[in-house]
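Construct all of the structure, not just a fragment, from the sequences and the given hints.
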Amino acid sequence: MDATYKSLRIEKSDHVAELVLMGPGRGNAMGPDFWREMPQAIRALDADEAVRVILVRGEGSHFTYGLDLMGMMESLGPLLTGDANLAYERTKLLQLIGDMQQATEGLARCRKPVIAAVHGWCIGAGMDLIAACDFRYCSREAKFSLREVKVGIVADMGALQRLPRIIGEGNTRELAYTGRDVEAERALRMGLVNDVFATPEALLTEARAIAKRVAENPPLVVQGAKQVMEYCAGKSIEDGLRYVAVWNAAFLQSLDLTEAFGAFAERRTPHFQGR
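According to this note's numbering, the sequence shown is numbered sequentially starting from 26.
In case anyone wonders, no lab produced these hints; they're calculated from the structure. Be aware that one or more of the hints could be misleading.
No farther apart than 30 angstroms at their CA atoms in a straight line, the calculated lysine-lysine pairs in the DSSO-like style are these [to be verified]:
#: 1; residue 1: K251; residue 2: K168
#: 2; residue 1: K251; residue 2: K37
#: 3; residue 1: K31; residue 2: K117
#: 4; residue 1: K37; residue 2: K168
#: 5; residue 1: K31; residue 2: K175
#: 6; residue 1: K117; residue 2: K175
#: 7; residue 1: K31; residue 2: K168
Restraint ranges, calculated between C-beta atoms of paired labels, are given here [what the hints assert, rightly or not]:
#: 8; residue 1: R115; residue 2: F286; range: 57 to 65 angstroms
#: 9; residue 1: P189; residue 2: A223; range: 27 to 35 angstroms
#: 10; residue 1: A75; residue 2: F160; range: 46 to 54 angstroms
Model, not experiment: these values are computed from the prediction. Beta carbons are placed, not taken as given, at the ideal position from N, Cα and C, and that holds for glycine.
Next up, the structure:
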């Protein structure tokens with residue numbers, strides 16, 4: 026039986042798991058429950074062989090307002106304003122940040138492809154979250170903001186490390202230094218999202234359809250493509266070619282490969298099992 030979460034809801038259908046952000050803070054703000062539950066949820070979905078694709082979306086009118094500053098004050102407050110505020114408190118804060126980073130790191134390390142569907146606002150830690158996804162879609166009214174600079178924080182959940190690979194150094198630095206809001210059309214131009222849809226309803230319909238198309242492919246091959254691309258990031262083409270050659274030498278033989286050839290020869294739709 027799936028775990029019950031306070032800040033998340035998981036819905037599964039046709040090998041796709043929808044990971045729904047639920048708050049409980051306003052605008053699905055990310056409080057203590059989220060940072061504790063998200064790594065658990067991702068580990069469970071990664072281990073679930075029935076799940077081939079994860080679709081991340083927000084409940085209600087927005088994707089997420091980002092970090093729930095007030096909700097986090099119980100754990101953050103004493104480490105920021107304590108009387109001593111010395112090595113002990115600094116070490117505890119370092120540990121807390123590392124623990125919180127597992128929410129976004131879990132998405133990035135997940136073997137399954139992860140798709141983000143963004144409507145409404147995606148602020149601060151929401152940007153860290155979608156940067157850890159494989160690709161992103163949004164609706165026309167969506168707005169994005171790497172707003173940590175506005176509250177005196179250097180973004181520390183992965184956006185500064187991952188966004189340059191997605192939108193380039195210049196765009197990332199602009200967002201990080203200004204904290205400005207980015208409309209959906211500019212997000213599309215800079216490559217933050219793959220496509221923009223007219224309404225949140227159209228966004229969800231199309232994102233589900235794309236997730237289903239991914240899930241219909243051989244799951245181990247999709248996961249292999251993800252792992253090869255992650256390995257190749259920052260490496261030479263020669264290193265990447267060698268890695269994928271070794272990968273296929275190890276994992277090319279499968280029942281799904283036989284099914285693919287059989288379905289092609291018989292002119293029918295293949296049915297892949299991940300074997």
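- prompt: Is the straight-line distance between the alpha-carbon of K31 and that of K117 30 angstroms or less?
  reply: Holds: K31 and K117 sit about 25 angstroms apart, inside 30 angstroms.
field: Restraint status (C-alpha distance of K251 to K168 at most 30 angstroms)
entry: holds (28 angstroms)
- request: Quickly compare the C-alpha distance for K117 and K175 to 30 angstroms and report which way the hint goes.
  value: holds (24 angstroms)
message: Looking only at beta-carbon atoms, does the pair A75, F160 fall within the given range of 46 to 54 angstroms?
response: violated (22 angstroms)
- prompt: Does the alpha-carbon distance linking K31 and K168 stay inside the 30 angstroms limit?
  reply: holds (26 angstroms)
- prompt: Taking 57 to 65 angstroms as the hint, is the beta-carbon distance of R115 and F286 inside that range?
  reply: The hinted range 57 to 65 angstroms holds for R115 and F286, with Cβ atoms some 59 angstroms apart.
message: Against the 30 angstroms threshold, does the CA-CA distance of K31 and K175 hold or violate the hint?
response: holds (28 angstroms)
message: Run the distance test for K37 versus K168: straight-line Cα separation, threshold 30 angstroms.
response: holds (28 angstroms)
query: Would the pair K251 and K37 pass a check requiring their Cα atoms to be no farther apart than 30 angstroms?
result: Cα-Cα ~21 angstroms, so holds.
task: Check the following: the C-beta atoms of P189 and A223 are separated by a distance inside 27 to 35 angstroms.
output: For P189 and A223 the Cβ distance comes to about 30 angstroms; the hint holds.
In the structure shown, a violation is registered for the earlier hint numbered 10 alone.
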